[in-house]
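Novice: So the sequence lines, in the order shown, correspond to chains D and L. So the mapping is simple: the working numbering equals the position in the first sequence, first residue as 1, plus 70. So the mapping is simple: the working numbering equals the position in the second sequence, first residue as 1, plus 10.
If you're looking for bench data, these hints aren't it; they were derived computationally from the structure. Every residue, glycine too, gets a C-beta built ideally from N, C-alpha and C. Take these hints with a grain of salt, some might be off.
To be verified - Restraint ranges, calculated between C-beta atoms of paired labels, are given here: (1) L/E104 - D/K297: 17 to 23 Å; (2) L/R64 - D/S195: 24 to 30 Å; (3) D/I133 - L/R98: 26 to 32 Å; (4) L/R27 - D/I294: 43 to 49 Å; (5) L/E181 - D/S139: 52 to 58 Å; (6) D/S158 - L/Q67: 28 to 34 Å; (7) D/L164 - L/L21: 56 to 62 Å.
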Amino acid sequence: MGFLIESTLKAVGIITSLDREFLSIVLLSLRVSGTAVIIATAAGILLAVCIYQMQSPVKRLLIPLLNTSMGLPPVVVGLFIYLLLSRSGPLGMLNLLYTPTAMIIAQCVLATPIIAGIAHASMISADPEIRFTALCLGASELQATLRVIRETRYSILSSVVAGLGRVIAEVGAVLIVGGNIAGYTRVMTTAIALEADRGDFILAIALGMILLLLSLCINAMLYIFQKRGAID
Amino acid sequence: MIKEIIAKDILRSFDSRFSLRCSIGLQSGQTHALLGPNGSGKSTLLRVLSLLERPQQGELIYRDEQKNYLNPFSDLALRRRVTLVNTRPVVFRESVLKNVTYGLRIRGIGKKECMERATMALRLVRLEHLKDQPAPLLSSGEKQRLSLARAIAIDPDVLMLDEPTVNLDPENTEIIEEAIKALHERGDRLILFVTHNLFQARKLADQVFFIHNGRIIEQNSRERFFSAPETELARRFLRGEIY
Numbered sequence: 071m072g073f074l075i076e077s078t079l080k081a082v083g084i085i086t087s088l089d090r091e092f093l094s095i096v097l098l099s100l101r102v103s104g105t106a107v108i109i110a111t112a113a114g115i116l117l118a119v120c121i122y123q124m125q126s127p128v129k130r131l132l133i134p135l136l137n138t139s140m141g142l143p144p145v146v147v148g149l150f151i152y153l154l155l156s157r158s159g160p161l162g163m164l165n166l167l168y169t170p171t172a173m174i175i176a177q178c179v180l181a182t183p184i185i186a187g188i189a190h191a192s193m194i195s196a197d198p199e200i201r202f203t204a205l206c207l208g209a210s211e212l213q214a215t216l217r218v219i220r221e222t223r224y225s226i227l228s229s230v231v232a233g234l235g236r237v238i239a240e241v242g243a244v245l246i247v248g249g250n251i252a253g254y255t256r257v258m259t260t261a262i263a264l265e266a267d268r269g270d271f272i273l274a275i276a277l278g279m280i281l282l283l284l285s286l287c288i289n290a291m292l293y294i295f296q297k298r299g300a301i302d
Numbered sequence: 011m012i013k014e015i016i017a018k019d020i021l022r023s024f025d026s027r028f029s030l031r032c033s034i035g036l037q038s039g040q041t042h043a044l045l046g047p048n049g050s051g052k053s054t055l056l057r058v059l060s061l062l063e064r065p066q067q068g069e070l071i072y073r074d075e076q077k078n079y080l081n082p083f084s085d086l087a088l089r090r091r092v093t094l095v096n097t098r099p100v101v102f103r104e105s106v107l108k109n110v111t112y113g114l115r116i117r118g119i120g121k122k123e124c125m126e127r128a129t130m131a132l133r134l135v136r137l138e139h140l141k142d143q144p145a146p147l148l149s150s151g152e153k154q155r156l157s158l159a160r161a162i163a164i165d166p167d168v169l170m171l172d173e174p175t176v177n178l179d180p181e182n183t184e185i186i187e188e189a190i191k192a193l194h195e196r197g198d199r200l201i202l203f204v205t206h207n208l209f210q211a212r213k214l215a216d217q218v219f220f221i222h223n224g225r226i227i228e229q230n231s232r233e234r235f236f237s238a239p240e241t242e243l244a245r246r247f248l249r250g251e252i253y
């Protein structure tokens, strides 16, 4: 117990002193996950809009496919991206393996279906009269869809936050494609795994605290957006 | 300005139990009432005529001073000259004013003109004092008036209204009826409204269409329809025997 308290106090010390290694890991995590979520938001909402507007029978196939992709195992995604980016893979010439860009790609693949799935579900559960009213007032098909997005904006924001929650705490995919290189591709989750493995718990606890704090903030945002959506 | 709408043998069916199959002609400058019992196809006909639902068969022609629009469903610019006010008013989650300017903003109309037209429309339905209120907080009567104001601001050539005063109190009903009359007095608009309120039809309409089981049974001037209907079904409807 004494060891745990002592390690925790030292971890708090690392956080308050803004230790350089600690800070670089946290900032890289935020940069990778933030960039991935921004790209995944654009792709996810676009995908949701396309499926929402689709009239073809393919839609019946796409929705279960999208729902299945929401639970993609991160290690499988990591492995798939690794095979694509490895030297002998189809995108090997880009030399992206073991770079933050590879980690962003992997996290994008994980977050996009979550954002698209939740955004699409919000749009189809919105009052169908919203779309019809927009059309009655002269909206084009796209303008009517944009109106539905606007009316369900809090649910769609929830999907973005859920996507961020998924990628920031993810370890499998970034470990495979990033390689956990110190000062270059080491993010919070991979650093915690490595430090715990090495028996150096102080940095792991410090990073764990930040990760928990981020998760708490993400969930608080999710709660606020869901509540505002419910009130509206 | 749209001069005429002609629907020839249009068919719109949903299942084996109900199908709308009718022909109808509407003229600009006239207010038309569409009467009929529940489930007779009034709302379906309104949605087809307002270019929101394609019929499975038949021809729908819009005609203005320049030309006949033989394929009106694929013409967004034409659809924007027609506005339907739905039975259940759905308001957007923003202010009353923004709700009214929505139809103008999507047409690319400038901010100043949007404000002028929205203010005029809100004044006509007596909602000007609530323009900054969030629209979802309005009462159902006010929402229905807002719904009409959105259409008035657009100033469409063709205005269609699906039971515009259903479930409203006399005060809200009167405000809406006055607004419809004011539009009619502009002289060149084509107005078609569905109602179950025979007094309202008598008060507002120039022409009356009576629909039953998806067929137009009778078309007559207001005076003739209410004083000497030509068909037995219309007489029974006016006596309150079918509803």
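Novice: Confirm or reject each hint.
Specialist: Verification of the supplied hints:
1. L/E104 - D/K297: 17 to 23 Å: holds, 19 Å
2. L/R64 - D/S195: 24 to 30 Å: Since L/R64 and D/S195 have Cβ atoms about 26 Å apart, the given range 24 to 30 Å holds.
3. D/I133 - L/R98: 26 to 32 Å: holds, 28 Å
4. L/R27 - D/I294: 43 to 49 Å: holds, 47 Å
5. L/E181 - D/S139: 52 to 58 Å: For D/S139 against L/E181, whose Cβ atoms are near 54 Å apart, the range 52 to 58 Å holds.
6. D/S158 - L/Q67: 28 to 34 Å: Cβ of D/S158 to Cβ of L/Q67: about 60 Å, so the range 28 to 34 Å is violated.
7. D/L164 - L/L21: 56 to 62 Å: Hint holds: Cβ distance 57 Å, inside 56 to 62 Å.
Hint compliance for this structure: hint 6 alone is broken.
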